[in-house]
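Enquirer: Residues per chain, in single letters:
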Amino acid sequence: MDEIQKRLLMEVADLHEVPEGAYNIRANSQSAGRRSTENIEIISKQDVSGLEIRIRPGTKNESVHIPVVMTESGLKEVVYNDFYIGEGSDVVIIAGCGIDNCGNQDSQHDGIHRFFVGPGAKVRYVEKHYGSGEGKGKRILNPVTEVYMQQDSTMEMEMVQIKGVDDTERTTVAELDTGAKLVVRERLMTHGEQRAISTYDVKLNGKDSSADVVSRSVARDRSFQKFDAKIVGKAPCSGHTECDSIIMDEGRILAVPGLEADHVDASLFHEAAIGKIAGEQLTKLMTLGLTEAEAEEQIINGFLR
Amino acid sequence: MLELKNVSFQVAEEGTDKEIVRGISLKVPEKKLIVVTGPNGGGKSTLARLIAGIEKPTAGKIFFGGEDITEKSVTERARMGIAYAFQQPVRFKGIRVVDLIRIAAGKKVTAAEACDYLSAVGLCARDYVDREVNASLSGGELKRIEIATVLARKAKLSVFDEPEAGIDLWSFRNLIDVFRNMRETIADSSILVISHQERILNIADEIIVIKDGRVEKQGSREEIYPSLGADSAEAPACDRLLKTMKDGMEDA
Ligand SMILES: Nc1ncnc2c1ncn2[C@@H]1O[C@H](COP(=O)(O)OP(=O)(O)O)[C@@H](O)[C@H]1O
Ligand SMILES: [Mg+2]
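Residue numbers (this note's numbering), protein chains in the order written: chain A, 10 to 314; chain B, 47 to 298.
Bound conformation, chain B alone:
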C-alpha cells in the first residue's frame, strides 16, 4: 500500500548539509501493523512527516496504492487516505474537541459518534467533547484526543508517532484494542506505529529499526524482536525497572 524508495531528507544547518533520513526504502503492505522503533533522534518522526507530506524528500520516491505521491500535498495525501497522529499534538484556541473530530471525519458527526471516538481512547466523552483543544488540556489528554481524531479519519493508512506517551492513566491494553479495532473495521487498512514500547512491538507484524537516518534492521517480529534486547540493555537500569513496575500496575 505504501512504499518508500530510497527516500532521503536533508536540511541545511549552519552552512552544512545535514542528512536526517538517508536513503530509506520500506514497504507497508495491506492489513499489516508495522512498528518503527530505534533510538531518539534516529529520524523516525521525520519519516512520518515525509509520509504525511509535511516534509518533501530531497531524494527518492513515495508511492501510495501504486501511485507516486512524492509531489502530492499534505491535503491530497490526507484525502487519499493517509492519517497521522503527531508526536507532539497541536493546540488551538477556540477549536473544540468535537470540531476537530468533525473535521477529521470530513462529514457531519453526531454527538454520539464523537463520544464513541473519545471513549475509545479512554476519555469520558461528556467531559471532553465541548472542551477547547487549548493549553488547558494536559499532555496526556491531548495525545489521546489526537488518537481519537485519527480514529475518526478511518484512513487506509494510519501513522501514530509514539502514541504511548499519553496513556498515563489509560492502559496499553486499550491502545492495543484501538489498533485491533481499526484493523477489523477499516477494510484492508494498515497501521504504522512509531514506538519504543515492548507491548506494542509485541503486536507488530513487522518491525523496522531506524538508526542514524537508516534502516538498521527490518523483518518479521519473530526475527527482529529478540535482537532488540541488546539495545534496551543500554537503557539505564532504573528506567527499565520503572517501566516494569508501571507495566505491572496496568496489568493489575
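Only chain A is shown next, with the shape it has when bound in the complex:
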C-alpha cells in the first residue's frame, strides 16, 4: 500500500496500523488485506463484488473495519456488502471510503450496505467519506444503506463527510421491528461546487420502536445540500428528525421534512433550522482575542464535532 492510500485510511477509519479484530481493506477494487476472527467471518461474494460479513450471536465488544480507498483516476465500482449481526451481539463496524483523484476522469464508489440486525443486538456503525486530489475528475460517492432491525435491537449510525467529495447521493432505508431503536448522526460539510443529497426513509413497523435522525451540516461557497428525511410510524412508536444547518457564502440547503403517521399512537417530530453563523457568536469569540476567520473556524469545528 502506498503513502496516499495510507493517508486515506487514516482519514476514513483512523487506521494507523493493521486494525484489531476483523477487517477487510479494499484498495483500487482489490482486497489489500483481510482477517476473519473466531466470531466474525468475512467472505467474498461470488455473484457480485462485495462481502458477506457474519457476526455470531452473542459476540461482544468486537469490531469490524471495512475501509475502501481509491487512488486511480477513472475507477468506477459498485460494491455490495451484507452484514448479518447475530442475536444479542454488541459490535462496532467501521466503514468509510477515501478517494484521491489526481486525474481528469471521475472516480466513483457506490457502496450498497445491508444490515440484518438480530434480536437484541447492538451495533455502532461509523462511516466516513473523504476526498482529496487536485485533478479535474470528480470524486463521487453514492452510498446506499439498508437496515433491517429485529426485535429490541439497537443501531447507532455516525456518518461523516467533511472534505473533498464532489458529488454524493446517500440513501438510507430502515425498517424497525418491536422495540428496535435507530439513532443516526450525520455531519456534512460541502465546499466549492459540491453537491450532497441525503435521503432517509425509516419505517417504524413495530410497537415501541424509535428513530432519531439528526443531521448537522455546513454549506460553503456555491455548494448545495438536500436533506430529505421521511419517517413512517405504523405502530405506537416515536420518531424525530432534525436538520440543523449553517450556510455560508452562496451555499444552498434544502430541508424536506416528511412524517407519516399511520397509527394513532405514533408520535413523530421534525425540526429544521438553516441560517448563517450568528453574529453574536463571532463577536463573543472575537472578544476572546480571535480574528473573525478564526472565530468562524472554531464555531464550525464545534458545530460539526
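Calculated from the structure, these hints are not laboratory results. A couple of the hints might just be wrong.
[Said to hold, decoys possible] Derived EDC-like pairs (lysine to aspartate or glutamate); straight-line CA-CA distance at most 16 Å:
(1) A/K216 <-> A/E184
(2) B/K78 <-> B/E252
(3) B/K200 <-> B/E252
(4) B/K139 <-> A/E306
(5) B/K102 <-> B/E65
(6) B/K200 <-> A/E251
(7) B/K51 <-> B/D114
(8) B/K139 <-> B/D162
(9) A/K285 <-> A/E306
(10) B/K77 <-> B/D251
(11) A/K239 <-> A/D176
(12) B/K118 <-> A/E301
(13) B/K153 <-> A/E303
(14) B/K139 <-> A/E289
(15) B/K139 <-> A/E184
(16) B/K202 <-> B/E113
(17) B/K139 <-> A/E305
Since the structure of chain A is provided, determine the placement of chain B with the ligands on it from the hints.
Expert: Using the frame of chain A, we list chain B with the ligands on its own:
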C-alpha cells in the same frame, strides 16, 4: 488606563436618530474597581460594548494605555488586554466549556487549570468542563461560565456586565473574592463592573451613575454611595424586601 472622551453613540431608528450614549467622558485608572450603575435602559451595556469595540462611537475618542483605540477592532482590543463578560452570554452548539476557556486563555490550558477557573465561579469543574456551551445550560450556569472565561483572559481591564444575575446558588462573597483575586494576581489591572447590587457598590473605589446616556454622578464610593439611596427608594417595596431576604440567606 482607559479613558473615554466625549463618547456618543447614535442609532437610526424609524427614520429618526436616537442617541443612546450622549457625550460620556470617564477614566478608569490602574488598580481600581469602578462600578457603573443607574436605571435600566440608561446605556450601561452600550457603554461596555463601545469599550470592547463591538459598537463604534459616532463621536468622541477612546484611549487605552494612552493609545487611541477608537478605530481598533474587537480582536485588536481583546489582544491589547480588554476583556468583556456579556450581560447576555452567547450559546454555541458543540463548543465545550473547556474549549471556550482555552480560547480565552489564548494558549494551552491543562484540564486542572480550566477546572480552577470553574471552581472560582462556584461550578463543580468535573461536571462542567466537557459540557457544551449550549441551550442545555441554565442562565445562571452560563453567566458563571462567562465570568470564568474572563478570568482566563487575565486582562488588564475586565468589564463585567451585571455579573450578579447568575449567582443564584452561589454567593456575592464568592463573586467579590473573584474580583479581589483578579486585582491581586493581574499586575496593575482594573475592573469595571456594571451592577445594581449594593454589595458590589460597596467594594467600589469609584461609582459612576449613568442615566439617559449621560454620566449623572461620578466620584468615590464615599461621595456617591449615600446619594444612591434616593434612587433605590423608587424601586417597588417588595423588590427591596425580597432582596434583603435573599442577601440575608446568603449571609447565613
Ligand atoms: N443597537 C441599538 N439599536 C437601537 N437601540 C439600542 C441599541 N442598543 C441599545 N439600544 C437601546 O438603548 C437603550 C440603552 O440600552 P442599554 O445600553 O442596554 O442599557 P442598560 O444596559 O443601561 O440597561 C435601550 O433603550 C436599548 O433598547
Ligand atoms: Mg444592560
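Enquirer: None of the hints should be skipped; say for each whether it holds.
Expert: Hints, verified against the model:
For the given pair, A/K216 sits about 12 Å from A/E184 by alpha-carbon distance, which is consistent with the 16 Å threshold. Restraint check for B/K78 and B/E252: the C-alpha separation of about 8 Å stays at or below 16 Å, so the hint holds. Distance check on the hinted pair: B/K200 and B/E252 sit about 22 Å apart at the alpha-carbon level, beyond 16 Å; violated. Taking the CA atoms of B/K139 and A/E306, the gap is near 13 Å; set against the 16 Å cutoff, the hint holds.
Restraint check: the Cα-Cα separation between B/K102 and B/E65 comes to about 13 Å, which is no more than 16 Å; the hinted pair holds. Between B/K200 and A/E251, the direct Cα distance comes to roughly 40 Å. Violation of the 16 Å bound is thereby established for this hinted pair. For the proposed pair B/K51 and B/D114, the alpha carbon gap of about 11 Å is at most 16 Å, so the pair holds. In summary, the hint linking B/K139 to B/D162 is not supported, as the alpha carbons are separated by about 24 Å, beyond the 16 Å threshold.
Taken as a hint, the A/K285 and A/E306 pair is honoured in the structure, with Cα atoms around 13 Å apart against an allowance of 16 Å. Taking the CA atoms of B/K77 and B/D251, the gap is about 9 Å. The hint holds against a cut of 16 Å. A hinted pair counts as satisfied when its Cα atoms are at most 16 Å apart, and A/K239 with A/D176 does not qualify at roughly 22 Å. Restraint check for B/K118 and A/E301: satisfied, since their Cα atoms lie roughly 14 Å apart, inside the 16 Å limit.
The straight-line distance between the Cα atoms of B/K153 and A/E303 is roughly 14 Å, inside the 16 Å bound, and the hint therefore holds. Note on B/K139 and A/E289: the hinted pairing holds, with a Cα-Cα distance of about 13 Å set against a maximum of 16 Å. With a CA separation close to 31 Å, the supplied pair B/K139 and A/E184 exceeds the 16 Å bound. For the hint linking B/K202 to B/E113, the alpha-carbon distance of about 14 Å falls within 16 Å, and the restraint holds.
With a C-alpha separation of about 13 Å, the suggested pairing of B/K139 with A/E305 holds against the 16 Å cut-off.
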